[in-house]
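Enquirer: These protein sequence lines are chains B and S, in that order. If you're matching positions, the first sequence starts at 1 in the numbering used here and goes up one per residue. If you're matching positions, the second sequence starts at 1184 in the numbering used here and goes up one per residue.
These aren't lab readings, by the way, just hints derived from the structure by calculation. Be aware that a few hints might be false.
[Claimed, not checked] Now the stretches of chain S that chain B is said to cover, found in silico as 3 or more residues with beta-carbon under 8 Å:
#1 1274 to 1288
#2 1306 to 1313
[Unchecked claim] Below, a list of computed lysine to aspartate or glutamate pairs in the DMTMM-like style, where the Cα atoms sit at most 20 Å apart:
#3 S/Lys-1259 with S/Glu-1309
#4 B/Lys-916 with B/Glu-1000
#5 S/Lys-1271 with B/Glu-503
#6 B/Lys-975 with B/Glu-1000
#7 B/Lys-962 with B/Glu-945
#8 S/Lys-1271 with B/Glu-945
Cβ atoms here follow ideal geometry from the backbone N, Cα and C, with glycine treated the same way.
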Amino acid sequence: MRAVVVSVARWSELEQALLDGGRAGAGSAAGSSGSRPAAGESGSDWGRQALPMGRGPSGACESVRGLRETGTAMLAVHAIWSREQRLCIWAEHSTLPARAQGRPGRRPKVPRPLPHPFAAGTALLLEAMRALDAAGAASSATAAATLTLRLPSLEASPQASPQLLRLTDEVPVGPLGLRAWEVDTLALEPAAAAALLLSLPPSAPSGIAYGDSLQFFVEAAKLALALIAAGRLRPALERGGHGWRARWLAVADGPADAAQIDLLTRSLPPLLRAEVVGEGGEAGNSGEIDPQWLVSGLMTALVDALARELNPGPAQIQPYPHTGAGPASVASPGHALPETVAAWLAALAADDPLVVGDDRELAALAEALEDWWAAAERYAAQRMFRTCFRLVAPDGDDSDADEQAGEGPSPSTEAPQPSDGSRAQLLAAVDAGSDAADAAWRVEFLLQHKDDPSVLVPAAEVWAHSDRLAALERVLENPQERLLGGLGHALALWPELAPALEEPAPTSVSLTAEQSYRFLTESVPLLEQAGFAVLAPPWWRQRPRARLVVRPEGEQWEPSEMFGLSGLCAYEWRVAIGDQTLSLAELEALAELKVPVVKARGRWIALTADDVEMALRFFKRRQAQGRASAAELLREGLAVGPAGRERPEVEIEAAGWLGALLAEDGDRRIEPVPAPAGFVGELRPYQQRGVSWLAFLSSLGMGACLADDMGLGKTVQLLALLLAERERAPGQGGQAPGPTLLICPVSVTGNWRREAERFAPALRVHVHHGRERLRDAELVGAASSGDLLITTYALAVRDQAALRQVEWGRIALDEAQNIKTYEAKQTRAIRSLRARHRVALTGTPVENRLSELHSIMDFLNPGLLGSAAGFREQFATPIERWRDGAAAARLRRATGPFILRRVKTDREIISDLPEKIEMRVDCHLTREQASLYQAVVAEMLERVEQVSGIARAGVILQALVKLKQVCNHPAHLLKDRSRFAGRSGKLARLEELLDEALAEGDKVLCFTQFAEFGQQLRGHLQERLGVEVSFLHGGTTKAARDQMVERFQSPEGPSVFVLSLKAGGTGLNLTAASHVIHYDRWWNPAVEDQATDRAFRIGQRKNVQVHKLTCVGTLEERIDLLLADKRELAQQIVGSSEAWLTEMSTGQLRQLLTLSADAVAADGVDGVDAAVLAAADQMGLAA
Amino acid sequence: MTAVPASGTVSETGTRWWSRRFIALLESFGLGSRLERGLQYAREGHVIELDVEPGIVLAKVEGSRFTPYRVRIRPKVFSDAQWRRAEKVIAARAATLARLLAGELPDDIEAVLADAKLALLPTSYEELRVSCTCPDKANPCKHAAAVYYILASRFDADPFALLTLRGRTSEELIEALRVRRASARHALGAKGAGREAIGSFVVASGTSVDGREPVRPLAESLERFWRCGEQLARLDVTPLAAERPDALLRRLGPLPTLEPQAGPGAGAGAAEDAVAIALLGDAYAAMAVAAERRALSA
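Isolated chain B, as found in the complex (with noise of 0.2 Å):
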């Protein structure tokens, strides 16, 4: 048996989108809902700024709710640092004209620049910052500032930046050169700006895009609040225009904030050079705003303006609260802290900088704060190499001993030693590691360069060459001096250097091994903080971590046992530092050591005295060894706690079938069930395995997140995974498995019921929805007596009395992001239901927000996760807005084993797969679709009874072309330009299939037989989905057709590609795209698959999805069947053209079109108004 440590990447790619920084606006949903509430809340904030309205360049009122409602506009948002160092936010508005109109009146002397003509007014701009700042922090200190700006233009036009989706495809072309534009922008003061870029929504809400530049200034406020939190800042006074004022300093000067500041300084984007000052435009500007001094100010005032918010005050400084150990000297003059110096301090915290007082003592008090700085800063200033010091172990080269190690077994695998025994011999380690401590531990001292820290010059190098050192093109003036400086600053810090300073050339400094162990625990962070460098040898501050290694008891697992499962393991706590492993015995003999530093097994540890006690304290609370079940263990094992600085951080270590669960590729490991014989149909390889993984869980007891790529049979493998437990639990003697509820978007209701009918005939199911739907003690029978209750979110909520009072045997989510907002009603609702398995089914586990994932896995396995405001403590923020590479790492670790995701791009997915999969997706009516339907079939039928001959053909043309539209949106039938979202049901059903697709980084065409509809969707698309989406229609010129089709081919251009049926159906060659949605029906299946092999083609390793969006009830569904029962038949009444339908009785009509009951999904609560009522849930407005 083979121990496996758990290290599990199986949702590598997702976190790599979330350290990059996301997909941007991959499903917006999330972005659009948030920002109303936050709207509606800040808006009276923002209602009380007196702010002229700005000149709107168009004309027009502009609002961002008109923005909403045409469903066409976005804004993209930019910012500049203005010089008057103030946040100066502008946008670009997508529906603009594109070029500038001429200065009305006469023309002046001197030119003045034009308005941008394509930039948001004051208002609109107001209208965007509610949403961009939800919790309203810059909501005072805003004032509306005109700008110019030199922007990249052709003629009379600005260019418009790449965040800004236009809707005509006609870029302008021609040679760009740089003009002056006036702009509109919001001007923040600089502790407002800190406020909004440190809590502007990871996503741009809806309506909105973010330009680069935004990014830029977030990134630059997180850095000044790292300064601040590292310290790295000074206090000083400054005589500014009206006084003097008391700031705050940014300290960058260690190689680390260098670092950092200058890979800030080369992203600037040069827009935020642009700024033209002076009434001269172009001609009065000669000057470049250099880079480096923008990002000086920009960090000087984002640093000043965060400490004076974040600093508590002088309320919490005594003066001189030392007094008792101070020196007896401290009398008067000095005695009393001076009123100026107390007037500074509290400026140093207050919003204003303003300090009051004696002219003369503040400038003496400034002078003084310089000299206290320059006199540090002599040592620091200019710097190319800095002092450094390489602590250097006894027996030499630790990494020498390191890599050696690392070719033997690694000391993880080997089976536990006995504890006396392990006891014995760390202790007989100590022993040499003390004998070795008296002998020779080092400190050498090295120059090391600034900014290539790999360069280092040992201190012999630096002795040999008095005035000047060159390496490697880089050039040391006064190498000895340098080093020597150092030298005498470190001496403050670090006591223990004085006796190597008794030479006249020292190279380094004897230590004892409790010296050393002073010098990492107590010098170190002080040395480091001061800008020294620290090379500490690789084992130092590994911190002990808690190890559970767990083996199941006796033989493997057999699937056979797979339903009851006790599954006891025996365990045992070890502890873990890097590589090593030790027993408890073993620690607390270290404890015991005063210096905890000894060479254990031929490795260095060393640990400080507050982890071996956080250690010990954790395993004190705990039995060190024993028996508990699989499930429990994996609880305890993979759990994260509260928190992560008073505990160690926990793993686990199992062997057996658990290992192979715990294992990266546990959907392999595990033993396969075999194929459930009801199952009509074959399971591909990849779904066995899925059905075997789900299988094992559901043993454990342990909720599982199936999380395919769309369209690799989530469907399916549930369905085999419930034949399979109910075929083999009569022979296992057990009681029957308890019935399934699965819950799903009323959207898929009908697509279950026929699945399972197709697929698992044996089961017995039971759809839950509708007007006629079963109540209480009716519900509970049928859902008991059945094996699959199938429901809507909406109704699990409803019924959820009566559902309760099911013994389910599991609850299932289908879509399972629709609880993605843990403390929404209609999760928190689904989270009280209760069965002895969870499965959670859904191609994006996370959309947008990591948080999403732990609504769900607590949904799954409650408490795994902790509680909300932890995990985005924990894990979401730290992952999300600081990159934290290891906690992402730790946050995979625990959910992996209950995360199976398989992608279609994998090789071993795309050969088990067909190449070209073909799928019927359900829609329903709105309310409003369904009354407009009905109202056009009821004209119809009257109009044809009237007439005959052409004319009833051309009456019942015209109804099904009307009819067709109906289906697509009430707005393209009534072609009133109305409100585009929320009102059609199949319009809802793209938007969730181009989520998926887009969160998967698949492309998508989508074809359309109405040319202007095709229009409007698109443009609807742009701004609900936030990114490109092109439009090709029999309009398109050559040329622009050629460049459409080359960008979406390219993996940097647009992912969504509207075409109309006739222009896009033939001569296309768009295979970059994976699906293809026919968003209305042609009744001729020939010339949808025309269309369809637009992205096909023979020989091409992808895999294809062809998704036909059809309104159920309604003459779509009937005419699929239709096709599909009959499809030779269909073949030969089916010409070309739909022209035999206007060959039929008025009776057969009147079958075909008249709407069903089914058509609307019940109680109104379809797939839009769900997601509005989730949105009302959200903002607790509903009932």
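Chain S: place on chain B using the hints.
Expert: This is chain S only, laid out in the frame that chain B set:
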């Protein structure tokens, strides 16, 4: 040495031990109340210029007349031979110069120089050889006394100034010590200076990060005008509060204004105690914790 800012703003006197020692020494010469008047004068900002050159201090002090009085101090300088002895004892221990370069006067400097039979500070008041253009015949006059206090604060910032008074600039001393070190190495036959000079540099990565790329004019930056570039995502900062958020304060050391001041009655060589750390240390710690909370809570 350049002049102090001639704005009359200097009201502080030395606070480091050597400055206080200097003042204490003057007090010990029994100069009486004149010193106190000098302190008063210094605090009121009458000293408007101070220049320290090898072996001479020149200062301008505003008095009752329109033209400032000129104070000149010419302490006794070391002879060349005495300097050679001084260099020898200083070069023998790295600590002395190390501390001087770090802005500290080594606390054992007097003992070290005593080995060379030298005294850093004047042994008698006459050794200072002070003169002032004022009509007051007393020595020191209040102008000269004020200059002593300002001089003490200069010593605070630059302990080398004490040695400058004995006739050598810091540059001259450093150069002499360097030469002495080099010849000592040759005399000892230290391992060949040039032989492995470059070869033993530890270089892990060959990438040159030398020199900043010149900033491209805006007109030539149109291609990436709106873009940050990929590298911004590599920005790697942690918002966790530092283990020692007050380390910078500790590196800065005592803030003169807040420390007990040298003046009549201040004991020489009293232990330095950084009031600044006591006053600001809490603020640093609180800010670090608040920053971390802020970073992780948003």
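Enquirer: Would you mind marking each hint as holding or not holding in the structure?
Expert: Now the hints, each set against the structure:
With 13 residues carrying a beta carbon less than 8 Å from a beta carbon of chain B, the stretch 1274 to 1288 of chain S meets the three-residue requirement, and the given coverage holds. Proximity of the stretch 1306 to 1313 of chain S to chain B, defined as three or more residues with a beta carbon under 8 Å from a beta carbon of that chain, is not established by the 0 residues found. Only pairs whose Cα atoms come within 20 Å are accepted, and S/Lys-1259 paired with S/Glu-1309 is accepted, the gap being roughly 9 Å. Annotation: proposed proximity of B/Lys-916 to B/Glu-1000 holds, straight-line Cα distance about 18 Å (limit 20 Å).
Between the alpha carbons of S/Lys-1271 and B/Glu-503 the distance comes to roughly 13 Å, so the proposed pair stays at or under 20 Å and holds. Under the criterion of a C-alpha separation no larger than 20 Å, the hint pairing B/Lys-975 with B/Glu-1000 is inconsistent with the structure, at around 34 Å. Proposed proximity of B/Lys-962 and B/Glu-945 is supported: the alpha carbons are some 18 Å apart, at most 20 Å. For the hint pairing S/Lys-1271 with B/Glu-945, the CA-to-CA distance comes to about 123 Å; that exceeds 20 Å, so the pair is violated.
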